[in-house]
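**Q** The residues making up each chain are set out below.
Number of protein chains: 4
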Amino acid sequence: MNENDYSTTHVAPQVPEPTPEEERELNAMYDRMEQLHLKPLWRQIGNLMPNHPEPDAVAHRWDWEELYSIAQRSGELVPVGRGGERRALGLANPGLGGPTYIAPTLWAAIQYLAPGENAPEHRHSQNAFRFVIEGEGVWTVVNGDAVPMRRGDFLLTPGWAYHGHHNIATEPMAWLDGLDIPFARQMDTGFFEYGTERLTDESTPEHSRSERLWAHPGLRPVAYPGARAASPIGRYAWEFTDRALSEQLALEDAGFPGVVSPGHAAIRFTNPTTGSDVMPTIRAEFHRLRPDAVTKTLHEVGNRVFQVFEGSATAFIGEKTFELKRGDVVNVPSWKPWHIAAGSEGADLFCFSDHPIFEKLDLNRTFNPEGI
Amino acid sequence: MNENDYSTTHVAPQVPEPTPEEERELNAMYDRMEQLHLKPLWRQIGNLMPNHPEPDAVAHRWDWEELYSIAQRSGELVPVGRGGERRALGLANPGLGGPTYIAPTLWAAIQYLAPGENAPEHRHSQNAFRFVIEGEGVWTVVNGDAVPMRRGDFLLTPGWAYHGHHNIATEPMAWLDGLDIPFARQMDTGFFEYGTERLTDESTPEHSRSERLWAHPGLRPVAYPGARAASPIGRYAWEFTDRALSEQLALEDAGFPGVVSPGHAAIRFTNPTTGSDVMPTIRAEFHRLRPDAVTKTLHEVGNRVFQVFEGSATAFIGEKTFELKRGDVVNVPSWKPWHIAAGSEGADLFCFSDHPIFEKLDLNRTFNPEGI
Amino acid sequence: MNENDYSTTHVAPQVPEPTPEEERELNAMYDRMEQLHLKPLWRQIGNLMPNHPEPDAVAHRWDWEELYSIAQRSGELVPVGRGGERRALGLANPGLGGPTYIAPTLWAAIQYLAPGENAPEHRHSQNAFRFVIEGEGVWTVVNGDAVPMRRGDFLLTPGWAYHGHHNIATEPMAWLDGLDIPFARQMDTGFFEYGTERLTDESTPEHSRSERLWAHPGLRPVAYPGARAASPIGRYAWEFTDRALSEQLALEDAGFPGVVSPGHAAIRFTNPTTGSDVMPTIRAEFHRLRPDAVTKTLHEVGNRVFQVFEGSATAFIGEKTFELKRGDVVNVPSWKPWHIAAGSEGADLFCFSDHPIFEKLDLNRTFNPEGI
Amino acid sequence: MNENDYSTTHVAPQVPEPTPEEERELNAMYDRMEQLHLKPLWRQIGNLMPNHPEPDAVAHRWDWEELYSIAQRSGELVPVGRGGERRALGLANPGLGGPTYIAPTLWAAIQYLAPGENAPEHRHSQNAFRFVIEGEGVWTVVNGDAVPMRRGDFLLTPGWAYHGHHNIATEPMAWLDGLDIPFARQMDTGFFEYGTERLTDESTPEHSRSERLWAHPGLRPVAYPGARAASPIGRYAWEFTDRALSEQLALEDAGFPGVVSPGHAAIRFTNPTTGSDVMPTIRAEFHRLRPDAVTKTLHEVGNRVFQVFEGSATAFIGEKTFELKRGDVVNVPSWKPWHIAAGSEGADLFCFSDHPIFEKLDLNRTFNPEGI
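Protein chains in written order, with full-length UniProt numbering: chain U, 1 to 372; chain R, 1 to 372; chain A, 1 to 372; chain B, 1 to 372.
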């Protein structure tokens with residue numbers, strides 16, 4: 001950012017051209033300010049306080065085939081283990097420079113685990129989830145609970161839960177990781193601790209204990225009353241997500257409400273102890289578009305990331321257009337208008353966002369230019 | 001209540017015996033107070049403010065066979081229709097005198113619908129649920145949504161939702177109704193309106209639309225964000241309740257937590273938009289006891305009603321003991337210590353209570369004399 | 001209530017006149033039901049579920065001069081002390097029969113303490129407040145904090161706080177007590193314990209410690225974060241109430257918003273840790289009407305009690321009209337339309353209600369027939 | 001940040017030294033990743049996920065005399081008006097590089113207004129407050145309400161409220177501004193709009209209308225029920241802050257609780273509609289230390305900024321020690337242990353922080369190494 005660059009929507013201060021003498025005095029003053037660690041607002045306000053969010057982050061699409069192939073290559077060249085902790089490739093927003101942020105708040109990565117590999121246990125205050133685009137054979141162990149990972153599953157590792165993974169299959173497995181690492185790093189909130197090198201539970205059950213206790217519709221164990229900051233459900237199995245979306249479209253076919261807009265079904269993954277988002281900083285949803293259906297256009301404060309689970313779509317984000325096929329990842333920066341049009345076979349889209357942060361802080365704002 | 005009866009825990013005021021003259025003056029004063037619609041606290045306090053809740057309601061057991069047989073008889077003699085509205089037999093607590101209250105807050109009734117019968121639509125601000133002890137073939141239509149009723153199902157009709165029922169089977173059907181009618185009546189909060197004579201939807205779908213939209217574990221439709229006062233799930237199908245309870249016991253077998261106490265599994269029916277109770281005034285739970293398992297003893301502010309769904313049990317409530325078999329109903333008045341011991345085949349128990357009222361008003365209190 | 005009385009708004013069940021034989025069978029059935037502690041809904045519904053609240057409580061006015069004079073008389077004839085606990089004259093709603101309820105939820109009483117008298121300490125789960133209509137010289141000691149009582153002050157004794165009073169003045173003192181005794185009694189939630197006979201603090205400070213810690217506008221002690229069920233402010237001093245009301249009227253004079261309606265200023269006493277009502281079950285407000293100002297007409301679920309603090313007014317409640325002068329008390333039963341017109345010198349009115357109970361349970365409803 | 005720098009608390013990955021051939025392959029892979037906008041976690045984790053917050057921000061002290069003198073100089077050389085908007089000197093944390101952030105979330109600035117000057121109206125979604133270290137004669141107009149500014153006052157401009165200032169005195173005036181500009185900028189949430197050039201209300205009342213309506217202890221206008229995101233009190237007058245702090249110390253002298261720790265009184269400015277913080281992102285407090293009193297040592301997630309209002313103190317922050325006199329500003333970065341020791345005349349300290357952000361997101365953590 002150039003300090004003297006005013007964003008187009010701010011007017012330049014109406015100051016008469018200084019004389020050379022005034023110029024010298026001003027410069028002396030600005031030098032003195034710099035020594036004192038002071039900066040004048042009047043030379044920055046357009047950048048600091050734009051008329052609407054002007055994110056440095058840009059919309060970008062990552063191609064799944066390329067992601068998968070380079071993840072595979074890293075599986076050949078780089079071992080996974082203590083220190084590096086995870087074989088995860090972070091999707092780095094081209095507009096955000098150095099660190100691996102897909103958005104100012106969010107981290108997204110492809111994690112890859114070869115057959116027989118083991119990612120040692122650790123914990124961190126950062127909230128994490130995994131979404132499985134394909135494969136099976138990995139169990140993630142969260143606070144001692146072995147959770148199977150299969151295509152379509154959405155899995156939680158809320159902040160400060162110990163977790164590790166192992167792949168017991170004969171095939172490698174790759175999935176999407178989402179965390180609030182950038183938020184924690186920029187806001188200085190993160191804590192991290194190593195756990196055991198070996199997993200604390202090497203069993204491979206069909207369902208996690210968290211599902212057996214908590215994943216029943218509208219039912220909760222009497223032994224655990226009260227609200228929790230994060231969902232106790234470790235695995236949102238694909239079977240239920242798929243069914244909920246199908247039902248919305250079937251209700252639409254029968255003339256009843258339930259979908260977000262015509263041809264656009266969507267569910268939000270929630271914390272059953274509160275009915276709100278799965279974790280304090282991250283929202284996760286699954287969207288299903290009928291063939292050729294188009295979502296409403298939205299401007300929203302905050303960031304979304306989509307991954308195509310099935311089918312194909314075209315994403316329109318600000319001025320950009322992205323063709324998306326299975327596995328591709330695309331992000332929507334804050335306040336950029338976006339809509340998605342499904343291809344001829346329809347589209348299933350996993351989505352996560354940082355919207356809960358801004359809703360809790362009363363900073364959220366949504367605008368639909370089509371007027372709804 | 002005798003105004004001059006002091007409860008055993010209150011001391012009598014230490015007042016010297018009045019002289020006859022004083023007696024006359026006192027009587028004159030008390031007469032005058034009565035004319036002015038005044039009553040002196042010092043002659044009432046033991047009754048008005050006992051040391052702990054001393055409910056007029058008593059623990060009582062209603063025998064299912066008797067209930068069912070008289071309900072059947074009423075089916076022969078009394079038509080159902082507009083005016084009487086429902087063929088419901090209210091369980092009247094023997095301690096509460098005239099009106100049909102099973103507790104100061106709660107109404108419980110057996111409702112009976114003969115083949116082909118139709119209970120016309122109406123709505124009321126009173127919250128209502130139904131629990132099906134046996135049979136099938138009735139659909140309840142709630143705000144235009146046809147909801148099937150089958151053994152083990154728990155069904156909601158939150159306050160101000162239009163509802164009616166019809167029986168399309170060749171068999172009569174009976175179920176348990178629970179409402180907060182006594183609370184509404186005593187607190188003067190109730191509103192009531194007639195709806196249509198015929199049901200607004202005579203279809204007989206396998207699942208209600210409310211289930212299709214909302215009864216998916218940890219998932220909610222994106223189209224309906226926000227908290228609601230009452231659960232949007234119209235039917236909590238037995239299949240899920242049964243599975244959740246079985247899983248708790250299986251987890252206990254495997255050495256993991258989840259049950260309330262040894263051999264005692266329990267789930268609470270919840271509002272998925274908040275994680276709390278299904279309706280603002282009524283809590284509903286389902287308890288499963290292993291053979292010979294015994295619940296912890298509790299004193300609780302508020303009232304519980306149990307119905308045996310399967311198996312048999314002995315309920316110990318205050319000084320009383322009740323043998324319970326399938327279908328029997330028993331109530332626990334406020335603060336009476338209670339525990340339940342399952343019979344040799346175990347026991348499945350539906351339970352509802354008014355505890356949410358007292359939790360919201362910070363009046364709840366629980367005491368376990370065994371010290372946990 | 002006559003069980004066979006249908007409220008005017010319910011239709012009578014459309015049942016053909018029974019034959020003598022049918023009549024016998026019906027009677028046999030109803031007898032059997034009575035033995036089984038069952039009551040048929042169809043013979044009660046109009047009473048149990050009226051179209052709108054039809055309270056047994058009636059609107060009534062108590063005359064302050066009469067109240068005060070009989071309170072004085074009781075001061076001569078009846079000592080205050082352990083057992084009777086308080087020299088309090090409960091205002092008994094003429095519609096509510098035996099016990100001392102001004103409303104189904106609320107107790108209101110005049111309490112009288114002669115010079116040098118002492119009301120011993122006790123505590124109860126019932127929430128209590130006092131409002132001082134005249135006089136000074138009594139300190140109420142709440143959990144060891146000596147709280148002065150002076151004309152216009154509103155004082156809290158939230159549930160389970162130990163409290164006693166003593167009068168150190170040379171004059172007797174009388175005030176209005178408000179509690180949720182009827183709610184606790186009918187709902188079986190009440191607990192009671194004796195404390196010390198002598199007050200735990202006999203000092204007579206100008207301000208209570210609770211005021212010194214908590215009664216600063218918009219400020220709270222950092223040492224006590226978090227929400228509390230009841231307000232920590234023991235005394236809402238008249239000085240602040242008066243000023244807040246005057247400011248609302250001054251703002252109205254200057255053309256700015258703030259009053260409830262033209263000429264009608266009102267403040268609500270609140271819990272500074274939450275911004276909501278002072279206690280979980282009781283709302284308290286103070287209303288000031290300009291000369292000849294008239295409040296809007298309201299139907300409300302729940303009960304209000306007014307006491308005239310200064311000036312005079314006419315209260316219109318349902319079909320009734322009451323002339324009110326200083327000290328007079330009047331109640332508004334649930335759903336009865338009411339408005340109040342100030343006399344020529346205006347009116348200052350203290351008001352308390354049970355509205356928080358019904359708001360928390362989603363049972364509140366308000367209707368303004370003038371159409372705001 | 002060097003991507004290959006592991007923080008001292010992370011172990012380096014235990015990878016065997018690659019052969020030259022492997023080295024080439026790795027480099028090719030890393031080059032390819034860069035092209036694809038991917039970064040491997042294993043080369044970053046120590047920086048991205050340190051064991052505890054390792055803020056880039058450093059603790060720094062700004063000297064009031066220097067601040068004031070350069071502000072004065074800018075008053076001579078730079079006009080205030082549309083475009084630059086405010087004559088505000090932002091305190092730029094030496095550890096945070098380019099933009100003017102005192103913390104990752106917070107902006108702090110000295111604003112200076114010469115006699116007769118006028119800062120035009122605008123509004124922004126960023127939350128703002130002002131704290132007046134000395135002087136009087138400025139009115140800030142917030143949504144049309146003219147609010148006086150005097151020494152010790154704490155003033156609010158919640159997000160999206162129009163506001164401007166004018167100085168009607170014959171002296172210049174300077175004060176401390178605090179905003180969440182950095183949070184809004186980094187999180188892309190900010191909106192900004194110009195208002196009128198001239199103030200919408202040029203009156204100079206003794207009290208703002210917001211104070212007249214809302215600044216009464218424990219009282220709120222009945223006309224405005226419900227919770228608000230930000231406090232409706234525009235001005236927290238010094239008189240009340242001072243009194244509340246004095247009372248805490250007087251209670252301590254008398255042996256009663258109320259202070260944070262011995263000799264350390266503190267109040268939090270709150271939103272009277274909720275009892276919580278004045279604005280969704282910013283906490284503000286005032287601390288008073290007796291002569292030579294020392295606060296407890298704390299590690300806290302989040303950032304604090306202190307300004308000395310009166311007296312002198314020594315701040316111990318991490319490894320650093322700062323001598324503070326009247327007007328000096330010092331910041332505490334996240335998780336740096338801090339305590340403050342008052343000088344011989346005691347110290348009055350204004351304090352603001354971003355703690356509400358992290359409390360709402362369940363990311364707050366506090367640690368007192370002294371074990372309390």
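Keep in mind that the hints were calculated from the coordinates and are not lab data.
Quantities reported herein were computed from a predicted structural model and do not represent experimental measurements.
Just so you know, not all the hints are guaranteed correct.
[As the list claims (entries may be wrong)] Cross-link-like lysine-lysine pairs, in silico, DSS-like; alpha carbons within 27 Å at most:
| hint | chain 1 | residue 1 | chain 2 | residue 2 |
| --- | --- | --- | --- | --- |
| 1 | B | K360 | B | K325 |
| 2 | U | K360 | B | K360 |
| 3 | U | K320 | U | K360 |
| 4 | R | K320 | R | K360 |
| 5 | R | K360 | A | K320 |
| 6 | R | K296 | U | K360 |
| 7 | A | K296 | A | K360 |
| 8 | U | K320 | U | K296 |
| 9 | U | K360 | A | K360 |
| 10 | A | K360 | B | K360 |
| 11 | A | K325 | A | K296 |
| 12 | A | K360 | A | K325 |
| 13 | B | K360 | R | K360 |
**Q** Each hint needs a verdict: does it hold in this structure or not?
**A** Going through the hints against the structure:
1. B/K360 <-> B/K325: Distance of about 34 Å is beyond 27 Å: violated.
2. U/K360 <-> B/K360: Given that 27 Å is the threshold and the Cα spacing comes to 7 Å, the pair holds.
3. U/K320 <-> U/K360: Violated - the C-alpha atoms of U/K360 and U/K320 are around 30 Å apart, more than 27 Å.
4. R/K320 <-> R/K360: Judged against 27 Å, a Cα distance of about 30 Å means the pair is violated.
5. R/K360 <-> A/K320: Measuring from Cα to Cα gives roughly 35 Å; hence the hint is violated.
6. R/K296 <-> U/K360: violated (40 Å)
7. A/K296 <-> A/K360: holds (24 Å)
8. U/K320 <-> U/K296: holds (16 Å)
9. U/K360 <-> A/K360: holds (22 Å)
10. A/K360 <-> B/K360: Roughly 23 Å between the alpha carbons, so the hint for A/K360 and B/K360 holds.
11. A/K325 <-> A/K296: The given pair, whose Cα atoms are some 20 Å apart, holds under the 27 Å limit.
12. A/K360 <-> A/K325: Given that 27 Å is the threshold and the Cα spacing comes to 34 Å, the pair is violated.
13. B/K360 <-> R/K360: holds (22 Å)
The earlier numbered hints that this structure contradicts are 1, 3, 4, 5, 6, 12.
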